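Trainee: Read off the chains here:
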Amino acid sequence: MVPLSYYLVLSGILFACGILGFLIKRNIITIFMSIELMLNGVNLSFVAFAAHWQHLSGQIFVFFVMVVAAAEAAVGLAIIIAVYRTRATLNVDQVNLLKL
Amino acid sequence: MTENLHLWVIPILPLIGAAINGLLGRRFSRQTVVAIALAASGAAFAMALWVASQFSSASAPYVTYVAPWIRAGNFHVDFSFYLDQLSLVMLLVVTGVGFLIHIYSVGYMWEEGGFYRFFAYLNLFMFFMLTLVLAKNYLLMFIGWEGVGLASYLLIGFWFTKDSAAAAGKKAFITNRIGDFGFLIALFLLIKNYGSLDYTQVFESISKLPSETAGVGLLTSIGLLLMVGAAGKSAQIPLYVWLPDAMEGPTPVSALIHAATMVTAGVYMVARSHVVFDRAPSALTVVAIIGTLTALFAATIGIAQTDIKKVLAYSTISQLGYMFMACGVAAYSAGIFHLMTHAFFKGLLFLAAGSVIHAVGGNQDMRYMGGLKKYIPWTYRTMTAGTFAIAGIPPLAGFFSKDEILWKAFSSPQGSWVYWLIGLITAFLTSFYMFRLWFMTFFGEFKGDHATSHGANDSHGHGHGAPHESPMVMVVPLAILAFLSVFGGWIGGRLEHFLSPVFSGGLAEATEVVGETASKGTEHLFMGISIGVALLGWYIAFLLYRQRPDMPARIATGLGGMYKAVVNKYYIDELYAALFIKPLIDGSTAILWHTVDQGVIDNSVNDAADSARHASDAVRHMQSGNLRSYAGWIAAGAAAVIAYMIWMGVR
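Quick note, the sequences are listed as chains A and B, same order. Going by this note's numbering, the residue at position 60 of the first sequence is 60; the numbering climbs one at a time, nothing skipped. Going by this note's numbering, the residue at position 614 of the second sequence is 614; the numbering climbs one at a time, nothing skipped.
Derived by calculation from the structure, the hints in this document are not laboratory data. Treat the hints loosely; a few may be bogus.
Stated by the list, open to error - Dumping the calculated SDA-like pairs for lysine to any residue here, alpha-carbon to alpha-carbon at most 20 angstroms:
| # | chain 1 | residue 1 | chain 2 | residue 2 |
| --- | --- | --- | --- | --- |
| 1 | A | Lys25 | B | Ile634 |
| 2 | A | Lys25 | B | Tyr539 |
| 3 | A | Lys25 | B | Asn626 |
| 4 | A | Lys25 | B | Val216 |
Everything numeric in this text was worked out from a predicted model, so none of it was measured.
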C-alpha cells in the first residue's frame with residue numbers, strides 16, 4: 001500500500017510544474033498544456049483521497065473535472081486557432097490589443 | 001370660540017402670491033405680476049376686514065386650529081391661530097398699510113429690474129408678518145419673527161449688486177440674530193418651566209404666580225430675554241444700528257418693513273407677553289429705560305442727518321422708543337395706539353419721501369432739494385399731514401398717541417417724571433427735525449442740479465429734467481395714509497377700551513384706574529406743554545431753516561466736537577466695530593481660519609489624500625496589465641495561504 005503522502009507530494013509537484021509552465025512560457029499552447037497539468041495534479045489528489053477514505057465522491061468529482069477540461073480544451077483550441085489566424089503568432093506577449 | 005373664522009386663510013393668501021410670483025414671475029409681464037401681488041395682499045386685507053366685521057369682544061379670543069406640529073411627550077405645539085383684540089388691531093394695520101404700500105410700489109418700482117422678485121418678497125413678508133401676529137404660540141410666532149427678518153434681509157439687499165446694500169442686509173440679519181438668541185432662550189425657559197409655548201397655557205400658569213418685586217427671578221429673566229429679542233427686531237439700544245443702514249432698500253420697503261410693521265413686532269411681542277412683564281417689575285423698568293433712552297438718543301442723531309431717509313429712520317427708532325416707554329410703564333394700549341398711528345404717519349412719511357426722491361431723480365440728500373412745493377404739490381400736501389402728525393400738533397394722529405404715552409409715563413404707578421421729561425425733550429426734538437426736513441425739502445429754492453441729479457444715492461435714478469409729480473398709483477396711497485394720519489388719532493379712547501380685555505388683570509388695570517382718577521386739570525396742563533414743545537420745535541426749525549439759513553452752519557461750528565459726534569451718530573458704529581467686529585474678525589482669521597481651518601481641517605484632509613496617493617503609487621506597479629504577472633501574484637498568494645494553513649496545522 002503506497003501511503004497517501006506520496007500521492008499528495010506527486011500531485012503538488014505536478015501542480016507546481018503547471019504553475020511554473022504557466023508563468024514562464026510564452027507560447028499559448030504550452031500555457032494551455034500547463035493548465036491541463038495543474039488540473040491533472042488536482043485530479044490525482046482527488047482520487048488519492050477517494051481511495052484513502054473509501055469515498056466515491058472524490059472519484060465522481062474527477063469525472064466532472066475531466067468533462068470540464070475536455071470542454072475547455074475544445075473551446076481553448078478553437079480560440080488558439082482563431083488567434084493564430086488573425087495575428088499569425090502564438091506569443092502571448094504580442095496578443096495585447098486590450099492592454100492600455 | 002363660537003364660530004370658525006378661518007384665520008389660516010389670511011396668511012396663506014400672500015404666501016400663494018409670493019409662490020406664484022417668485023417661482024413663475026420671471027416669465028410674466030409686469031401687469032400680471034402686479035395683478036397677482038395686489039390680488040394676494042388685497043384679498044388678505046379684505047379677509048381681515050371680514051374677520052373684523054365678525055369680531056365681537058364678547059366671544060374673543062377666536063382660535064383656529066389647523067394641524068398638529070410637534071408632539072413630544074407632554075409638550076406639544078400646533079399650527080393654530082389666535083385672534084383677540086390686540087392681534088385684530090395688528091392684523092388690520094399690517095394688511096391695510098401693507099396693501100396700500102403694495103399699490104404704491106407698483107408706481108415706484110415700475111422701471112426697476114427684478115420687478116417680480118420685489119413683489120414676491122413683499123408678499124412673502126406679508127405672510128410671515130401675519131403668521132407672527134396671528135400665531136397662537138410662541139414657536140409659531142418665532143417662525144413669523146424669523147421670516148420677517150428673512151424678508152427684510154432680502155429686501156434691504158434688493159439691489160444686491162451694490163456693495164452697501166448687500167452689507168446693510170447682512171448687518172440687519174446678523175444684528176437681529178443677536179436679539180433672536182435672547183428670544184430663543186426665553187422660549188427655552190418657558191418650555192422648561194411651564195412645559196408649553198401656547199399663550200393660553202403659559203399665561204395661565206404665570207398668572208397664578210406672585211409678582212417678583214425683589215431680585216432677578218425666573219419671570220424677570222424671561223422678560224429681559226424677551227426684551228433682548230424685541231430690542232433686536234424693533235431697533236432699540238443697543239441693537240438699533242441695523243435700521244439706519246436698512247434704508248439701502250427700496251423706499252416702499254423702508255415704509256412697510258422698517259417703519260410701519262416689522263419693526264413694531266417687538267412692541268407687539270412685549271404687549272402680548274404682558275402677563276410676564278406684569279409680574280416682573282424690574283424687567284418692565286428696563287424696558288421703560290431702554291425705550292426712553294432710545295427715543296432721546298435716536299432723536300438727537302436725527303437732527304443732524306442730511307439724508308432724507310436717514311432722518312426718517314432715526315425718527316422711527318425714536319418713535320419705537322416711545323412705544324417701549326409706554327409698554328415699560330404698563331400702558332400697553334397706549335403703546336399699541338402709538339404703534340398704529342405711527343404705522344400711518346411714518347408709512348406716509350416714507351412713501352412721501354420716496355415720492356420726493358422719485359421726483360428729483362434718485363437723490364436723497366436734503367441739501368440738494370428745496371422748493372419742491374410747487375413741483376410736487378400732492379406729495380407736499382400729504383407729507384405736510386405726516387409731518388404735523390408726527391410732530392404732535394393737534395388734532396392729528398400723532399398728538400393723541402404721543403400725549404397718551406407722555407401722560408401715562410408720568411401718571412402710571414410704574415412711571416416717573418424722568419420718563420416724562422425725557423419724552424418731552426424727545427417730542428421737541430422730533431418736531432424740530434421733522435420740520436427741518438419739511439423746510440429743507442419743500443421751501444426755498446430748488447438747489448438740485450437738474451442735469452446731474454439722477455442716480456446719486458439711490459439706484460432709483462432715471463434721467464429727466466425738472467422735478468415731477470409721481471403717478472396716481474403712488475399719490476392715492478399717500479392720500480389715504482394722509483387721511484388716516486389726520487383722523488386716525490380720534491379713536492384713541494375707544495381703542496384703549498377695546499384693548500382693555502387683553503391687558504386686564506395686571507398692572508395695566510391699575511394704570512387705567514390712576515389714569516381715570518388723576519385730576520383732569522393736570523392732564524390738560526401736560527397736554528398744553530406737549531403742544532407747546534411741538535410748536536417750539538416748529539418755530540426753531542422755521543427760524544433756522546427758513547429765516548436765517550446761515551444759522552445752522554454757524555451753530556454747528558459753535559458746537560464743534562459735539563456737533564461732529566452727532567453727525568457721526570456718536571461713533572456707535574465705529575465703537576461696535578472696534579469692540580465686537582474687529583476682535584471677532586481678527587480672532588476668526590487667526591484662530592479659526594489659519595489655525596483650525598487651514599491648520600487642522602485642511603491639513604488632515606490633504607494629508608489623508610497625500611498618503612493615499614503615495615501608498616497607491618507604491619502598489620500601482622502590481623497592476624501592470626501583464627496577465628502572467630497576475631497569475632504569479634495569485635499563485636504567490638495561494639502559496640502564502642497554504643503555507644499559513646500548514647503552519648497552523650503543525651502548531
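Trainee: With reference to the structure, classify each hint as holding or not holding.
Mentor: Comparing the hints with the structure gives:
no.	hint	result
1	A:Lys25 <-> B:Ile634	holds (17 angstroms)
2	A:Lys25 <-> B:Tyr539	violated (114 angstroms)
3	A:Lys25 <-> B:Asn626	holds (13 angstroms)
4	A:Lys25 <-> B:Val216	violated (93 angstroms)
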